[in-house]
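Enquirer: Using full-length UniProt numbering, read the sequence shown as starting at 1 and increasing by one per residue.
It is worth saying that the hints were derived from the structure and are not from the lab. It is possible that part of the hints are untrue.
[Unchecked claim] Straight-line Cα separation of at most 20 Å, SDA-like style, residue types lysine to any residue; simulated pairs: (1) Lys45 to Val23; (2) Lys63 to Ala4; (3) Lys63 to Arg76; (4) Lys63 to Asp32; (5) Lys62 to Glu73; (6) Lys7 to Lys62; (7) Lys7 to Val54; (8) Lys63 to Val19; (9) Lys7 to Pro18; (10) Lys45 to Ala34.
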Amino acid sequence: MNAALSKPDFVYDTGFGPVAVFVDGPHHDHSDIALRDEEAAERLKEIGWDVIRVRYDDDWSKKVAEYPQVFGEPRR
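Given only the sequences and the hints, what does the whole structure look like? Please build it.
Expert: Below is the structure:
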């Protein structure tokens, strides 16, 4: 993580490569912070990480369902 100058909220090793998960609150809507977030994501991708961002205003159930390889299949 130090190489990418970022600190994800969660890290997963999926067997397909590392995944960094960021949970973004409202302050990430500010342009300077959004730019910093984007740059950090690019640095992580450059060194082989997948990046998932979950925003405070996202539908978390839908967001989690988009990535079953990371979070598992939803229960029915």
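Enquirer: If any of the earlier hints don't hold here, list their numbers in rising order.
Expert: 2, 4 and 6
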